[in-house]
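Enquirer: Chain by chain, the residues:
There are 2 protein chains.
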Amino acid sequence: MKPIYIGLLGLGTVGSGVVKIIKDHQDKIMHQVGCPVEIKKILVQDLKKTRSVLVENNLLTTNPKEILNDSEIDVVIEVMGGVKDTKGFLLEALRQGKHVVTANKDLMATHGSELLNVSSLNGCDLFYEASVAGGIPILRGLVDGLASDRITKMMGIVNGTTNYILTKMSKEGRAYEEVLKEAQDLGFAESDPTSDVEGLDSARKMAILATLGFSMNIALEDVLVNGISGVTEEDLHYGNQLGYTMKLIGYAHRQGEKVEVSVQPTFLANHHPLASVQNEYNAVYVYGEAVGETMFYGPGAGSLPTATAVVSDLVGVIKNLRLGVNGRSAVTPQFSKCLKNADEKFSKYFLRLHVQDEVGVFSDITSTFANFGVSFEKILQLPVEKNKIAEIVLVTHTASLNSYEKILNSLRDKKTIKEIKSSYKVEGNS
Amino acid sequence: MKPIYIGLLGLGTVGSGVVKIIKDHQDKIMHQVGCPVEIKKILVQDLKKTRSVLVENNLLTTNPKEILNDSEIDVVIEVMGGVKDTKGFLLEALRQGKHVVTANKDLMATHGSELLNVSSLNGCDLFYEASVAGGIPILRGLVDGLASDRITKMMGIVNGTTNYILTKMSKEGRAYEEVLKEAQDLGFAESDPTSDVEGLDSARKMAILATLGFSMNIALEDVLVNGISGVTEEDLHYGNQLGYTMKLIGYAHRQGEKVEVSVQPTFLANHHPLASVQNEYNAVYVYGEAVGETMFYGPGAGSLPTATAVVSDLVGVIKNLRLGVNGRSAVTPQFSKCLKNADEKFSKYFLRLHVQDEVGVFSDITSTFANFGVSFEKILQLPVEKNKIAEIVLVTHTASLNSYEKILNSLRDKKTIKEIKSSYKVEGNS
Numbered sequence: 001m002k003p004i005y006i007g008l009l010g011l012g013t014v015g016s017g018v019v020k021i022i023k024d025h026q027d028k029i030m031h032q033v034g035c036p037v038e039i040k041k042i043l044v045q046d047l048k049k050t051r052s053v054l055v056e057n058n059l060l061t062t063n064p065k066e067i068l069n070d071s072e073i074d075v076v077i078e079v080m081g082g083v084k085d086t087k088g089f090l091l092e093a094l095r096q097g098k099h100v101v102t103a104n105k106d107l108m109a110t111h112g113s114e115l116l117n118v119s120s121l122n123g124c125d126l127f128y129e130a131s132v133a134g135g136i137p138i139l140r141g142l143v144d145g146l147a148s149d150r151i152t153k154m155m156g157i158v159n160g161t162t163n164y165i166l167t168k169m170s171k172e173g174r175a176y177e178e179v180l181k182e183a184q185d186l187g188f189a190e191s192d193p194t195s196d197v198e199g200l201d202s203a204r205k206m207a208i209l210a211t212l213g214f215s216m217n218i219a220l221e222d223v224l225v226n227g228i229s230g231v232t233e234e235d236l237h238y239g240n241q242l243g244y245t246m247k248l249i250g251y252a253h254r255q256g257e258k259v260e261v262s263v264q265p266t267f268l269a270n271h272h273p274l275a276s277v278q279n280e281y282n283a284v285y286v287y288g289e290a291v292g293e294t295m296f297y298g299p300g301a302g303s304l305p306t307a308t309a310v311v312s313d314l315v316g317v318i319k320n321l322r323l324g325v326n327g328r329s330a331v332t333p334q335f336s337k338c339l340k341n342a343d344e345k346f347s348k349y350f351l352r353l354h355v356q357d358e359v360g361v362f363s364d365i366t367s368t369f370a371n372f373g374v375s376f377e378k379i380l381q382l383p384v385e386k387n388k389i390a391e392i393v394l395v396t397h398t399a400s401l402n403s404y405e406k407i408l409n410s411l412r413d414k415k416t417i418k419e420i421k422s423s424y425k426v427e428g429n430s
Numbered sequence: 431m432k433p434i435y436i437g438l439l440g441l442g443t444v445g446s447g448v449v450k451i452i453k454d455h456q457d458k459i460m461h462q463v464g465c466p467v468e469i470k471k472i473l474v475q476d477l478k479k480t481r482s483v484l485v486e487n488n489l490l491t492t493n494p495k496e497i498l499n500d501s502e503i504d505v506v507i508e509v510m511g512g513v514k515d516t517k518g519f520l521l522e523a524l525r526q527g528k529h530v531v532t533a534n535k536d537l538m539a540t541h542g543s544e545l546l547n548v549s550s551l552n553g554c555d556l557f558y559e560a561s562v563a564g565g566i567p568i569l570r571g572l573v574d575g576l577a578s579d580r581i582t583k584m585m586g587i588v589n590g591t592t593n594y595i596l597t598k599m600s601k602e603g604r605a606y607e608e609v610l611k612e613a614q615d616l617g618f619a620e621s622d623p624t625s626d627v628e629g630l631d632s633a634r635k636m637a638i639l640a641t642l643g644f645s646m647n648i649a650l651e652d653v654l655v656n657g658i659s660g661v662t663e664e665d666l667h668y669g670n671q672l673g674y675t676m677k678l679i680g681y682a683h684r685q686g687e688k689v690e691v692s693v694q695p696t697f698l699a700n701h702h703p704l705a706s707v708q709n710e711y712n713a714v715y716v717y718g719e720a721v722g723e724t725m726f727y728g729p730g731a732g733s734l735p736t737a738t739a740v741v742s743d744l745v746g747v748i749k750n751l752r753l754g755v756n757g758r759s760a761v762t763p764q765f766s767k768c769l770k771n772a773d774e775k776f777s778k779y780f781l782r783l784h785v786q787d788e789v790g791v792f793s794d795i796t797s798t799f800a801n802f803g804v805s806f807e808k809i810l811q812l813p814v815e816k817n818k819i820a821e822i823v824l825v826t827h828t829a830s831l832n833s834y835e836k837i838l839n840s841l842r843d844k845k846t847i848k849e850i851k852s853s854y855k856v857e858g859n860s
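Those sequence lines, one after another, are chains E and G. Residue numbering for the first sequence follows this note's numbering, starting at 1 and increasing by one per position. Residue numbering for the second sequence follows this note's numbering, starting at 431 and increasing by one per position.
Hints may contain errors.
What the hints assert, rightly or not - As a list, the in silico DSSO-like pairs of lysine-lysine whose alpha-carbon atoms are at most 30 angstroms apart:
| hint | chain 1 | residue 1 | chain 2 | residue 2 |
| --- | --- | --- | --- | --- |
| 1 | G | K767 | G | K836 |
| 2 | E | K168 | G | K808 |
| 3 | G | K808 | E | K23 |
Everything labelled a hint here was simulated from the structure, so no lab data went into it. Keep in mind that this is a model prediction, so the values were computed, not measured.
Could you put the whole structure together from the sequences, leaning on the hints where they help?
Expert: Here it is in structure tokens:
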């Protein structure tokens, strides 16, 4: 029987993992798809580099055309990373009628919709779950499993670095800068950690997840993003006293036809399933109308987990190939994008204020909230410290973002309020 | 295009859910499988009963032969429950070349291997993940996703009733009997709760999970089972002091070619991902060699979640049907059963003793452990109460079941040890 031929772009750690898995599990994969699967060509930068996996020299090439123009190659797997050149390669592959599996979140978050369009026009599959689901190869399963359901909410801890930092800060009562430094020393954080700690990496993944889950083309710029660099150990301490754990939460919510997607440091009630996801682990919590609450938990990244996800996508592509249903994947967005306004976004909020310790200040604050129809779930008033400055911590009941922002503006104008120390979203009842 | 015809056995809450989902999501399902899907006949007990879902009267029958002998019917979905008659129906369906989807855990745990054999001989699919995965329709995704991995460990909270009871006992410091009564009043526990609280329901599900995950035919009688009816609030109290949460854990472990499967009340370190699974929720933790730790969390049961899982299985069967790869599903056990001996099973243990408050008793106990090469991770010696009886709580380091049982026997023989109050497995470092 004619094998399915694969072209592999990239032979780094993930690429090597893919080669290894396809070799080691050849029988199992053939059993599943009904024909042999063979890697025909691998694009590399350096033909002479020592590899961690054994590949025959004649498989390697530095010329992408040897893959993109080879009419025998059915599926291109992209694990080389990068955006500009890579996008060109994948567009060319799709135009040549090749199916594509990619693990590239930067590319998919920024050019995903264009690539998906081209794949659809050419009757090709473009599978990319390894891009968000490094160690949670389960998301494809989720999309399959919930094919007969309607997803209305997703919450994810989708960045290992920030979760590691918040876990350490929270458990050991240490400061952000100190823990970040340690994470860098241990290799858990990049020397330039901006993309992780400012929430961009999470935002890319949430854009991909929301696009999949809501079948709506959510771009990176549709995601409201706040990072964790401003989170202090005091915030975590007060949160802890009130029964909350801080996580950097990617939040995607659908109400009717409208959606919102954000990445923000969020206080979760301690018993929330995501609150106990620690260190570099990731998890995605999904609410489906039929199935209810489900959650998927796993390592956030790593070459073998990611390679496993890539091979699962490959198996999916080949099954579709043999069924003759490629290019009809449900992941092509079905709905037009429709984003919520600020008065359609609802949350509870944690607010920490430094105020003048004077008669009437407290009632002034509470009446400001009352004026916008927002009441409190919890109030923590702390002993007055030096300079007659009192610290107040509030947790509101559910309020619209619109009202909450007006309240913050109004508080900022008050002379008796010295400083708004911090403000975070709150999820769940502690 | 010729539709795929379905015969449905049973129209209770799950069956009604299946009918509803197939109707509501007809387009989406057709999009996925490439042809229409139609329910042709439904076996019911009473033709005249009022149904929660709208079905045409001519679809209903009380005669199973109208489904089993109808050569047009491609797939039989079994949601009627029961074992004896149901088994006969499914065997007949398979012999007639029909594919089967079932949600019946009792049947699969007791006659699964026979049914799987017959399905394999007849080139038919027999999909049954709804039987264990009521609200975690993700397990099929797991088996797909981990097709290129090797699962070595699974731990599951797979019974909602017992998890509800343990959560309440633990949080509210109440006694087992009292919480059970409340659960019964609220409809969370059956009037005869034996199957749940004695761990049999969990054992059935673990037998199914282990058979799937290890590709080895694990029968119900291969599962070591202990229920929660002996768990006391004192145990939970001491566990809590030591940083543990009690759960009824289904445990399946593979070491080399040998496996063990058990269901036992177990103290989990509080930060273990399963420790925070509360109330009636279920979760399955899976360790794969490539992917590492993953966990799937969801509602334990319920008609819509189960129906969603059934329809997902149906979609899988139809995809295979169109691929021509039915009856080759990887879930047919590939390995011969090989169970671990007691000296190949390792765990940490929690042990609570009442001892005579005398000089030398404590060192006598510790030297008994030392004689079998077992040391301690934690010791809690409590103030002497009345009658000069002291309470001692120990947590061991990892020990073989063999050694641990010998230690227990040796302790039982000592006059100074008044009573072995309780003994549980311990997982994780608190």
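Enquirer: Determine for every hint whether it applies to the structure shown.
Expert: Quick rundown of the hints versus the structure:
1. Between G/K767 and G/K836, the direct Cα distance comes to roughly 27 angstroms. Compliance with the 30 angstroms bound is thereby established for this hinted pair.
2. Restraint check for E/K168 and G/K808: satisfied, since their Cα atoms lie roughly 25 angstroms apart, inside the 30 angstroms limit.
3. Distance hint between G/K808 and E/K23 is unfulfilled; the C-alpha atoms sit about 46 angstroms from each other, more than 30 angstroms.
Violated hint for the displayed structure: number 3, the only one.
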